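*Asks:* If you want the building blocks of each chain, they are given just below.
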Amino acid sequence: MASTTEAPPRKNRVPRRPGDRIFAGVSTGSGVLILVALAGVAVFLVTEAWPALTAPAEDIPGGQGLVFYIWPLLFGTLISAVLALVIAVPLAVAIALFITYYAPRSIAKALGYIIDLLAAVPSIIFGLWGMNVLAPVTVDPASWASEYLGWIPFFAGPPSSTGRTMLVAIIVLAVMVLPIITAVVREAFMQTPQLHEEAALAIGATRWEMIRMAALPFGRSSIIGASMLGLGRALGETMAVAMVLSASAGGITFNLISSDNPPTIAANIALQFPEATGVGIHTLIASGLVLFAITLAVNMIARAVINRRKDFDGAN
Amino acid sequence: MKRSTLGRAFVLPTTAALAFGLVACGSANEEGAASGPTVNGAGASSQEAAQNAWRTGFLENNDGTINYDPVGSSGGREQFTNGGVDFAGSDAYLDDKEVKAAQERCGEGGFVEVPAYVSPVALITNIEGVDSLKLKPETIAKIFNQKITKWNDPEIAATNKGVNLPDTRIVPVNRADGSGTTENFAEYLKAAAPEQWPHEVSDEWPVDGGEAAQGTSGVVQAVKNGSGTIGYADASQAGDLTTVEVGVGDEFVKYSPEAASAVLDVSERVEGRGEHSFAFDLARDTKESGTYPIVLVSYVLACSNYDNADKATMVKNYLNYVVSAEGQKAAAEQAGSAPISDDLRSKVKPAVESIGSSNSGS
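So the sequences go chain by chain: C and L.
Just so we're aligned: 126 in this note's numbering is position 126 of the first sequence, and the numbers increase by one with no gaps anywhere.
Just so we're aligned: 1348 in this note's numbering is position 348 of the second sequence, and the numbers increase by one with no gaps anywhere.
Hints are computed from structural coordinates only; laboratory data are not their basis.
Only a predicted model underlies this, so the values are computations on that prediction, with no experimental measurement involved.
Treat the hints with care, since some could be wrong.
[Claimed, not checked] Okay, the calculated bits of chain C under chain L, using three or more residues with CB under 8 Å as the criterion:
| hint | stretch |
| --- | --- |
| 1 | 124-135 |
| 2 | 161-174 |
[Claimed, not checked] Straight line, CA to CA, 25 Å or less: simulated SDA-like cross-link-like pairs of lysine to any residue:
| hint | chain 1 | residue 1 | chain 2 | residue 2 |
| --- | --- | --- | --- | --- |
| 3 | L | Lys1147 | C | Gly150 |
| 4 | L | Lys1097 | C | Gly62 |
| 5 | L | Lys1100 | C | Asp59 |
| 6 | L | Lys1150 | L | Thr1168 |
| 7 | L | Lys1147 | L | Gly1247 |
| 8 | L | Lys1150 | C | Thr253 |
| 9 | L | Lys1224 | C | Asp140 |
| 10 | L | Lys1224 | C | Leu134 |
| 11 | L | Lys1347 | L | Arg1269 |
| 12 | L | Lys1190 | L | Glu1251 |
| 13 | L | Lys1224 | C | Val133 |
| 14 | L | Lys1190 | C | Pro61 |
| 15 | L | Lys1097 | C | Ala57 |
| 16 | L | Lys1100 | C | Thr277 |
| 17 | L | Lys1097 | C | Asp59 |
Each residue gets a CB set at the ideal place from its N, CA and C atoms; glycine is no exception.
Generate the whole structure from the sequences, applying the supplied hints.
*Replies:* In structure tokens:
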């Protein structure tokens, strides 16, 4: 609506003041700068990964070629990020709904601040917390789960005695992506048109029904968009995963509670880069290229989904 | 409509801040020129604490600047042979290819390679009710290869009469990141128990399925937090965890600085690398009484000849301090390393003394 009211006067404006020109230049420059930076990263990744892409299989660390090297990493990255999202998204939506519809104003405000504060905690702190606090706590529940729920592949065991498992990594990632998802979803719910809410209540809907009829449809594209933002962060999270997860390259498994876990791409780069040489360096960068491509794809899919959903938004 | 004013208020200060930031960076780089020559080094992160101790001790009586960038052994060797740094620290001696590159870089006189940092690697365990453990090399290899999986295995019990070994699962803990400690430990296993350790030696842990932790502190933490755990780590970081007495010949040796540096005295020097290269093939399988064979020996690399005479003197004096009894003691206090023996010191001294410059003027 802003664009339709703004467009005509812009054309007719006769004198362009210096401020306008500077601002236009600065903002255009910023936009271009982002594209240049992104292109720079892409060029760097491709040129540095190229020697690994063309190297003979036995030169790649592990000796079985690039695909065999990267596949477990990719698997670990995807399973940790996706399962973290499975935990975080429902939680984030529930928190956002609570803040916008249920909580008294003072509590809502305080809770909002606290959630935002979570986003300001550095990931190395989450790593330390996961490794020293959360991991030991999960040891007993995990051994219980492997004993009684062992038929579920997730809990096949044998349980780790230190708790530094994929399960803990997933929980830590979920906590880390929670603030960003909550913030975006909360903003969306706040903007639910009041008319829709009142209309729903007027036809006799309870509060839950009103949320289902007005808030959720209106916020759906935001929830998807926020999830993808969170997924992007979870895919790329490095330090916390490197510290929490006990990983080895052979561990392609859905088993979440053993010491034998697939590594993630970002954590693996952080762990191996300092002592890597020759083709090893290029191999690590090639895995980074894969992560870059996946993150890009995730974001593009998110865009597509949001754009498709827009037409059915409750708002219009 | 409001957006544009808001945007303007935001963008301008941001660009201003950016510009200021750049200016600040530029000026910061120009400052800090101390008196005396600057010598740059890079390499093994294992040496970082020792290098700090050496630098502090050395600069008490000397002018100049010494930098050590703990980029990792391989990075240090690469930078040294490329001529990027003046000296390097490395957890392994140069391989044949690197020897050629180093000779090319240093030119006439060749390169200096001396063992300067000897660090015992302890096997640390956390088993309920067990506060002393004796293990033979074959048993250690089987444990880390996950062939023995219970602490009350007869093979472990055989060397630990009178110890109440529990029926718990063995959780071997290894480094998740590439590490010289891993390489040295694997080398030991390969040499002392070749039949039980078929894996190739590299700085990455070869066995999947163990508990993997980041860095020495990560390994120690994992051993401490878990139960039935066993891991390998720098002995100085072992803390109050139970350390394993390792089988050497017919006896079992607990790590100690003397026992660790004794290995170098029974090891063979690698030949054909130039007179100033003191590379040792460690006698991991030694049966000599009183030696502790799981050690990490880290070398300092330098050139015999530098273009700049001031720099040459500085490097020479620094290395002299590093291998001196005083320097070794400083490293032992700061980094928990094992001081090299007097015997070895007298052998490597001439190599360090050879450092000089063909340009008499600077």
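*Asks:* Work down the list of hints and note, for each, if the structure agrees.
*Replies:* Going down the list of hints, with the structure as the test:
Evaluation of the coverage hint for the stretch 124-135 of chain C: fulfilled, as 3 residues show C-beta separations to chain L shorter than 8 Å, against a requirement of three. Counting residues of the stretch 161-174 of chain C whose C-beta lies closer than 8 Å to any C-beta of chain L gives 4; at least three are required, and the coverage claim holds. The suggested pairing of L/Lys1147 with C/Gly150 holds, with an alpha-carbon distance near 24 Å, which does not exceed 25 Å. Restraint check: the Cα-Cα separation between L/Lys1097 and C/Gly62 comes to about 22 Å, which is no more than 25 Å; the hinted pair holds.
Restraint check for L/Lys1100 and C/Asp59: satisfied, since their Cα atoms lie roughly 22 Å apart, inside the 25 Å limit. Annotation: proposed proximity of L/Lys1150 to L/Thr1168 holds, straight-line Cα distance about 6 Å (limit 25 Å). A threshold of 25 Å between alpha carbons decides the hint, and for L/Lys1147 with L/Gly1247 the separation of about 19 Å falls inside it, so the pair holds. The hinted pair formed by L/Lys1150 and C/Thr253 meets the criterion: a straight-line CA distance of about 24 Å does not exceed 25 Å.
The straight-line distance between the Cα atoms of L/Lys1224 and C/Asp140 is roughly 16 Å, inside the 25 Å bound, and the hint therefore holds. For the given pair, L/Lys1224 sits about 15 Å from C/Leu134 by alpha-carbon distance, which is consistent with the 25 Å threshold. Among the hinted pairs, L/Lys1347 with L/Arg1269 is consistent with the structure: their alpha-carbon atoms are about 11 Å apart, no more than 25 Å. For the given pair, L/Lys1190 sits about 20 Å from L/Glu1251 by alpha-carbon distance, which is consistent with the 25 Å threshold.
Restraint check for L/Lys1224 and C/Val133: the C-alpha separation of about 13 Å stays at or below 25 Å, so the hint holds. Only pairs whose Cα atoms come within 25 Å are accepted, and L/Lys1190 paired with C/Pro61 is accepted, the gap being roughly 20 Å. Taking the CA atoms of L/Lys1097 and C/Ala57, the gap is near 22 Å; set against the 25 Å cutoff, the hint holds. Note on L/Lys1100 and C/Thr277: the hinted pairing holds, with a Cα-Cα distance of about 18 Å set against a maximum of 25 Å.
With a C-alpha separation of about 17 Å, the suggested pairing of L/Lys1097 with C/Asp59 holds against the 25 Å cut-off.
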